[in-house]
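Can you build the whole structure from these sequences, using the hints too?
Per the working numbering, residue 1 is the first one in the sequence shown, and the count goes up by one each step.
Please keep in mind that the hints were generated in silico from the structure rather than gathered at the bench.
Incorrect hints may have been included.
To be verified - Label pairs and their in silico Cβ distance ranges:
| hint | residue 1 | residue 2 | range |
| --- | --- | --- | --- |
| 1 | 197 | 150 | 26 to 34 Å |
| 2 | 176 | 26 | 54 to 62 Å |
| 3 | 197 | 71 | 45 to 53 Å |
| 4 | 71 | 106 | 33 to 41 Å |
| 5 | 127 | 245 | 14 to 22 Å |
| 6 | 95 | 238 | 39 to 47 Å |
| 7 | 251 | 144 | 42 to 50 Å |
| 8 | 67 | 159 | 38 to 46 Å |
| 9 | 145 | 106 | 15 to 23 Å |
| 10 | 173 | 251 | 48 to 56 Å |
| 11 | 127 | 164 | 18 to 26 Å |
| 12 | 30 | 147 | 30 to 38 Å |
Every residue gets a Cβ at the ideal spot worked out from N, C-alpha and C, and that includes glycine.
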Amino acid sequence: MVSIKQPVPAREKLLLAGLYLSKYDTLGLKKLGFESFVEAFNVLGYAMGARPASIKNYRDEFDPLFPNQRKGWHKRPIREYCLKVLEEYKSLDFESFTGLIKSFLGYDENLWSTFKSNEEPDESESQFANRLITGLAAERYFESVQPNLPEFMGYALENTTHLGCGYDFRLSSNSQEPFLAVEVKGLKGRKGNLSLTPKEYKAATVLADRFFLVVVKNFQESPFHNIFRNPLSGVLQFSKSEHVIVQVAWSANV
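This is the structure in structure tokens:
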């Protein structure tokens, strides 16, 4: 049994992601819900706060050790620290290794399995990848490019994703100007559909020109972004949809 040290260092997480993709190849891709290695490098790389090339390089580092069709970095010895990690985690089985990679990104496999209905189709693999694309990967992408975006230069960035305030980031300057709010959405391809929650829609309405919608597109190939200031002003056409949710509860007299 492998004893996982907590917390796992950031570089080791990237290395383990590369090891996983090298060892399990297309089976690993499918298990994580990705359609290609490029998509996996982009999504996992940004979600882990690193360059996509970092995970590719680690995968290539381990490729000579596994029976896949790639040669990897076969013209030189495997680096010592990579061999050390390989030795440390070599006894992990497929499911445990998959759970470890997902845990690096805030996904609890056991919790998901507990609350998943027996009648519900098994879509957790694709949902894992899609949730990263629409959430963490897109947010980390924005954090990486924000300092160089003309709209936000000179602003200090605060992550507000866990505050439930209707936007992902608050940007403040040293001047007396009011803060800017940024909501980030991610898309797998170059085009797609996005939605705003009631809280996000209200924030966009109230803040108007101080509210920015940043859409990160094309994680399946090469991510790029579009920025929409005051997205409710007409540049995007939003249509309202309503869903009825049935809530079930059990009660008892005590």
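Now for the hints, and whether the structure bears them out:
no., hint, result
1, 197 / 150: 26 to 34 Å, "holds, 28 Å"
2, 176 / 26: 54 to 62 Å, "holds, 55 Å"
3, 197 / 71: 45 to 53 Å, "holds, 47 Å"
4, 71 / 106: 33 to 41 Å, "holds, 34 Å"
5, 127 / 245: 14 to 22 Å, "holds, 19 Å"
6, 95 / 238: 39 to 47 Å, "holds, 41 Å"
7, 251 / 144: 42 to 50 Å, "holds, 49 Å"
8, 67 / 159: 38 to 46 Å, "holds, 42 Å"
9, 145 / 106: 15 to 23 Å, "holds, 22 Å"
10, 173 / 251: 48 to 56 Å, "holds, 52 Å"
11, 127 / 164: 18 to 26 Å, "holds, 22 Å"
12, 30 / 147: 30 to 38 Å, "holds, 36 Å"
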